[in-house]
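Engineer: The whole structure should be built from the sequences, with the hints applied where relevant.
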Amino acid sequence: MTMSWVFATPEYVLAAADDLSGIGSAIGSANAAAALPTSAILAAGADEISAAIATLFGSHAQAYQLVSAQAAAFHQQFVALMSAGAGHYAAAEALNTSPLQALAAATTDPFVALTGRPLIGNGADATTPGGNGGDGGWLFGNGGNGAPGAAGQNGGNGGNGGVAGHGNIAQPSPHVGYGYAGQGGNAGQGADAKLIGNGGNGGQAGNAAVSPDPDKGQAGGMGGFGGNGGLLFGNGGHGGDGGLNGAFGGDGGGGGSATFIGNGGNGGNTHGPGDPGPGGDGGLLGQPGVPGVTL
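In terms of UniProt numbering, the sequence shown is residues 1 to 295.
Treat the hints with care, since some could be wrong.
As the list claims (entries may be wrong) - Taking CB as the label site, the calculated pair distances span:
| # | residue 1 | residue 2 | range |
| --- | --- | --- | --- |
| 1 | Ile49 | Gly87 | 55 to 61 Å |
| 2 | Ser25 | Leu114 | 55 to 61 Å |
| 3 | Ile27 | Leu56 | 42 to 48 Å |
| 4 | Thr9 | Ser59 | 45 to 51 Å |
| 5 | Gly28 | Leu56 | 38 to 44 Å |
| 6 | Ala52 | Ala90 | 53 to 59 Å |
| 7 | Ser50 | Ile27 | 31 to 37 Å |
| 8 | Thr128 | Gly87 | 40 to 46 Å |
| 9 | Ala73 | Asp109 | 29 to 35 Å |
Keep in mind the hints are simulated off the structure, nothing from the lab. Idealized CB from N, CA, C, for every residue including glycine.
Structural biologist: Structure (C-alpha cells):
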C-alpha cells in the first residue's frame, strides 16, 4: 500500500482550528438554550395518552442531551488534534529547513560556478543604478528586474528566464540627464524549452525618460523575444512590448517558435514608429503566432 504525498500549511491549519473553536462555542450556546426545554417536561395528564406522550418526549430529551454532550466532547477533541497537528507540521518544517537548504546549495552551487546561473530559482533584482537583473535558473525561474538608470543612464535589462520562466521587465530611467534622456532598457528574452514545455515570454521593455527638449528624447527599450517551445511539443513564448515615452517607441519582441506540436508565440506590440514584433512559427502540428501591432 502506497501513500500519496500530503501538503499542509500550518498557518491554514491553525486558522481552521480557530474557526472550529468558534463553531464549538456556537454549538455550546445552542445546547445550553435547549437544556431547559428538553429537561423540564410538563407533567402528564391523568389519561393514558398524555402519559405515553410525556414518556416519549422524555426519552427523546434524554437522547438529545446524551448526543449533544458526545458531540461537544468530540468537537473539543477534534480541535485539540488539529491544533496539535499544526504544531507538528511547523516543527517538522523548522527541523527540515537547514538540511534542505544545504541540499539545495549542494545542487545549485556547481551550476552557478560553471555557468553563472543556478539550476532552479529566480534571478536577483538589480540594486545598482542601470544594473541588469540576474538570470533565472536553467530549468525553472524568472529573470530579475533591471534597476532604473541614474540621470542620463539607460535602465538595466531584465534577466533571462529559465526553461519554464519568463524574462523580466527592464526598468526605465526616471531621470533626465544633462544631455539626452535615458533610453529605456531592453527586456530580457524568454528562455527556450528543451524537450517538452513552453518557451518563456519575453519581458516588457523599459520606458525611456522624458526630456524637456523633444530633440533629445531617445527610444523606448526593445521588448524581449519569446523563447522557443520544446522539441517534442510546447508553445513558443510571446514577445514583449516595446517601451514608451521616447522620441519613438521601442520595437516589440518576436514570438518564439514551436518545433513539432505547438503554436508560435505572438509578437510584441510597439508604440509609435517602432516596429512590432513578428509572430513565431508554428510547429508541424500548430498555428503560427499573431504579429504584434502598433498601438
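Engineer: Which of the listed hints are not met by the structure?
Structural biologist: Hints 3, 5 and 9 are the ones this structure does not satisfy, whereas the remaining hints hold.
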